[in-house]
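Asks: Protein chains in written order, with the UniProt record's numbering: chain A, 1 to 280; chain B, 1 to 524; chain C, 1 to 315.
These are calculated hints, taken from the structure and not from any lab test. Fair warning: there could be bad hints in the mix.
Said to hold, decoys possible - Straight-line distance between alpha carbons at most 27 Å, and here's what the computed DSS-like set of lysine-lysine pairs gives:
hint: 1; chain 1: B; residue 1: Lys-17; chain 2: A; residue 2: Lys-10
hint: 2; chain 1: A; residue 1: Lys-276; chain 2: B; residue 2: Lys-135
hint: 3; chain 1: B; residue 1: Lys-175; chain 2: B; residue 2: Lys-91
hint: 4; chain 1: B; residue 1: Lys-126; chain 2: B; residue 2: Lys-196
hint: 5; chain 1: B; residue 1: Lys-289; chain 2: B; residue 2: Lys-245
hint: 6; chain 1: B; residue 1: Lys-91; chain 2: B; residue 2: Lys-196
hint: 7; chain 1: C; residue 1: Lys-10; chain 2: B; residue 2: Lys-289
hint: 8; chain 1: B; residue 1: Lys-490; chain 2: B; residue 2: Lys-462
hint: 9; chain 1: A; residue 1: Lys-276; chain 2: B; residue 2: Lys-17
hint: 10; chain 1: B; residue 1: Lys-320; chain 2: B; residue 2: Lys-462
hint: 11; chain 1: B; residue 1: Lys-91; chain 2: B; residue 2: Lys-135
hint: 12; chain 1: A; residue 1: Lys-10; chain 2: B; residue 2: Lys-61
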Amino acid sequence: MRQLTPYLQKPLVVVGGALSFGWLLIAILAPLIAPYDPLLTLQPLAKPLTQGANGEFFLLGTDMLGRDIFSRLIWGARTVVIYATLATMTAYAFGLIFGLIAGYAGGRTDAVLSFLANVVLSFPVLVLYIVIIVTIGASPVNIVIAVTFSSAPAIFRIVRAITIDVASRDFVRAAITQGESTGRILFVDILPNTTGPLAVDFCLRLGYTAITIGTLGFLGLGLPPPTPDWGGMVNEGRAMAIAFPHLVIFPCIAISSLTLGLSLLADGLREVNEAKERQA
Amino acid sequence: MSEPLLHIRDLSVALPKGADRPFAVKGVTLDVNPAEILCIVGESGSGKSVLTATLMGAAPKGLSVAGGEAVMGGRNLLTLTERQWRQIRGKDIGMIFQEPMASLNPALTVAQQIEEVFELHADLPKAERAARARKLVEEMHLPEPDRILQSWPHQLSGGQCQRVVIAMALAMSPKLLIADEPTTALDVTTQAQVLKLIRELRDSHGHGIIFITHDLGVVADIADRIAVMRHGEVVEIGTAEQVLKHPQHDYTRALIAAVPSLVPHDRPAPGAAEPALDVTGLNHSYGAKQVLHDIQIAVAPGRVVSIVGESGSGKSTIAKNLIRLIDPDSGRIAVAGEDILGLKGSALRGMRRKIQMIFQDPFGSLNPRRRVGPMIARAAVLSGASRAEAAGRARELLELVGLDRSAWNRRPAAFSGGQRQRIGIARALAMRPDVLIADESVSALDVSVQAQVLDLLADLQKRLSLAVVFITHDLRVAAQISDEIVVLSKGHVVERGPASEVLTRPQHPYTRDLIAAAPGRDAF
Amino acid sequence: MSLGRFLIRKTAIAIATMVAVSFLIFLALEVNVEEVAVKVLGQYSTAEQRAAWLLQNGYNDPFAIRYLRWLGNFVTGDWGQSTFFRAPVMDMVLPRLAASAILAGGALLVIVVFGLGLGILAGMRPGSLLDRVISVFSVVTTSIPDFASAVFLSGIFVFWLGLLPGASTMISGFSLSELILPVSVLGLYSMGYLARVTRASMADVMNTHYIRTARLKGAGMARIVLRHALRNALITPVTVIMLQLPWLLSGVIVVEVFYAYKGFGTLLYDAALNQDIYLIEACAMISVLVVVLSQILSDLIYGWLNPRIELGAKA
């Protein structure tokens, strides 16, 4: 608990954490919070704060198929939390391992891995997704694969840079002169010293992934309907947004608040890390 | 006696809440006279740098003047507004800093930076500014003034940069010059030249100079008067003669006692033992540039060989070769008779145990995430000890290097620089090495702590009969600990021999220069 | 390293990257010839039709041969026929690219002016109120996805205030007012990032010893910032501007789709929705080419701005 104190003193962390963990909680408790089944057709295009014919209450209105937007937003939180986290974590698994190896080994290994990472990073992200999705189709698993493929190189680069920095410190040299094995040097000496900046990057990356999944949904290339997905909701409601702005405004607020929360959290973590470093 | 140039009375600077003490500077009273060098001496944390920064109206963030005054030319400097300060800085007070390279703007040429002082404080035509800048550069004894003026800082050496900084500080002939550790980052021979320059300036221009340093050798060379600071207070002030020869305060006495002497101890002649470390014909290049030429070093068990050299001499490259962080172009490095250069994989790992290193930076050499006890025990395990043995050995070593039992469960951040160096020593010794390499291992430490760590090293070395390669830029330190000294210059060994021989009857001109440049040679 | 050698090295890397990229694209889209046939001839084509088409177009050759032939065609300007638009791909891509360049150019202008400006203001006095406000603003703008800020801005300026048109179809000729919203959305997203980079760089520089030197020479704030800080502080951000291009290209797709702007982004989008593989291939190749060229430009700018660093020393 004492270790958490410096974080809780930062308003950025508190606001960012509240937004991020708030959505996490909503995602976990979705079945309990959502008033209706997100796929159930109730009454089309009800405005927010209105009563349905059968006495239902539509807090945020309904969409053109008559599904309750509030319930869909809550279930959409679950979609984004599950897939964004899963995709970011698999991307991290690859980026971390290859980044550690390239940063520590250097030389030809590093040159080859870095070149491959640069090749993938030369694609504008959305272009890469489009190529992948056109090839393998838009399914939940494929979205995770696409995100992994496109984010892992960026994570690789960050991990590699941090590894090079940490590996140049004398305590790593000391471990080498003690005859410590490479595996132990990587995972016991170097990895624990990278967690500060990587935690920051993880939060940011989670936000990017949420944005990407949302954007794919918005473009109609994301999770196939009728999965409740914030980006998809904007896409479906766009045609009628002039008459019924609630179709698009609320999902936009939802995704923006989640990604903003993650950015603020990352920012706060970074500030605390920097303050710690200055003290040391 | 003339009026003092600067009169500081009862000056206190408060630290922010939550710091380890309430005041960074407390109740300081002192005068600076024209044509006088006042040295302020103190170890890290003594408040000497905060004091001078406050005098320039540039106290670090969070610090505030809590009382007192600093009067110069009838004005209290502590109450000036930023606008008034701008008139004074650079014109009435000049300042020189510790990191000469970093003190110059990398994107402007030397000429632009010197001339800027005239742009700010004097209404001179362009040609006149340029002419004055050139004259200043000449006065600083810089070679090829025209080339220097057109250069960017990154094209100059550290010593040249410091001369440029001094030229800027002196451009308007300020009455007061504040120099904060101006020679600490320089090599000894360069340091000696810059000190000479500063003395000349005092004599020829009559500047009053506040010179801050931690190095009593430098103080002995340059001070007219000395103020000794500790924990933010001036504990003793007086003429150089008084303070150095007849110190009144215990702390001053302890500081003076801790200065290592240039006179080497008497050492027994070497026995006929086989060398524990035998380096022959070592050559090393970085790219096309050869930095080590045919290096030979032999160290017998129980003996200390110091490698002495300035920056760029290649001494750290030797260390890296010895522990096989990098491999040489050619040569042989034998530990206990076995050439370690050919070894690979597990054979190499097995060999590493026998040759261990103590690093320079006490903050970078310990993994911040690991607890001290297990860290040392791990080294013992790697040398082949069982877990129980290793824990026992680690506990013994902690005691041996003078650390408390409670150190076991703490992380490195909980320790001071000197304590961390002790932990580093314990970790190296846990492997039961035959050869110990100490790469500038005491250079980052305050002088009193330095003396303690040196004593510890010397003691352990004798007791454990270790062969030690001691790498340093500091002749005084080398004099204290070495049996033998090897002088390295530009990658060549220029002189070697028993410490007493090399230090008292140097043969090579470079060795003579080094010894002549050692600050405070006559005083200590 | 001399400028000539630097350029040769960078060009070599760029070419290697492009070859690798082209291989990836071709591998993804054309390794399965059956699928290619389905995508080109449509779902309702018969097996015989597809087999004949494959034979006729050389699809029965080994993969390596097909790749090399495709690459050769691409380099010599034969980008194939769009199956959806029934027109040569090259004739479609180039005008659309020009249309998008207008959008991206406008966005770049917004990004440079506001990103650098706000970053410098914030970094001049780190920790000040202005710094906090600008920092929060830039976090907010970089956190909101393009499509969401498009919804918010359109909500305000189109539906609520009625000041701007909600679509940028340019049906009745070029219209500046139709450009404002898409450019703003694009600019807003990347400008915050640039502002943050600039702020960090500026704050670092303001903490250096040479700024202290300047201050202790008696220089005032304006002089310190303009003469001493800016040149050093802008090196990183100016380099970063060029590296924004991949993000900008992604944003262009979203914004063009949202505002129905007839540019490169909508073209790629239509191609994707209609499985128009030759068009996708060309669009992907072109967008990567733009990115790779911008990287070379960024390296050159870096070397030019920084007297300390020799060209190529950065990587």
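Asks: Is Lys-17(B) close enough to Lys-10(A), meaning Cα to Cα at most 27 Å?
Replies: Distance ~18 Å between Lys-17(B) and Lys-10(A) Cα, so the pair holds.
Asks: Straight-line Cα separation of Lys-126(B) and Lys-196(B) no greater than 27 Å?
Replies: At roughly 32 Å apart (the allowed maximum being 27 Å), Lys-196(B) and Lys-126(B) break the hint.
Asks: Lys-490(B) and Lys-462(B) were given as a pair; does the straight-line alpha-carbon distance stay at or below 27 Å?
Replies: Violated, because 32 Å separates the two Cα atoms, which is more than 27 Å.
Asks: Do the alpha carbons of Lys-10(A) and Lys-61(B) lie within 27 Å of each other, as the hint requires?
Replies: With Cα atoms ~20 Å apart, Lys-10(A) and Lys-61(B) stay inside 27 Å; holds.
Asks: Given the proposed pairing of Lys-289(B) with Lys-245(B), does the C-alpha separation stay at or below 27 Å?
Replies: Outside the cut-off at roughly 48 Å; violated.
Asks: Going straight from one Cα to the other, do Lys-91(B) and Lys-135(B) come out at no more than 27 Å?
Replies: The hint holds at about 18 Å.
Asks: Please work out if Lys-276(A) and Lys-135(B) have their alpha carbons no farther apart than 27 Å.
Replies: violated (47 Å)
Asks: Keeping to a limit of 27 Å between CA atoms, is the pair of Lys-10(C) and Lys-289(B) held or broken?
Replies: Status holds; Cα separation ~26 Å.
Asks: Would the pair Lys-91(B) and Lys-196(B) pass a check requiring their Cα atoms to be no farther apart than 27 Å?
Replies: OK: Lys-91(B) and Lys-196(B) at ~23 Å, within 27 Å.
Asks: Within 27 Å, alpha carbon to alpha carbon, are Lys-276(A) and Lys-17(B)?
Replies: holds (17 Å)
Asks: Would the hint linking Lys-320(B) and Lys-462(B) be met if the CA-CA limit is 27 Å?
Replies: holds (25 Å)
Asks: Has the given pair, Lys-175(B) with Lys-91(B), been kept, meaning a C-alpha gap of at most 27 Å?
Replies: This hinted pair holds, its Cα atoms lying about 8 Å apart.
Comparing the model with each numbered hint stated earlier shows that hints 2, 4, 5 and 8 do not hold.
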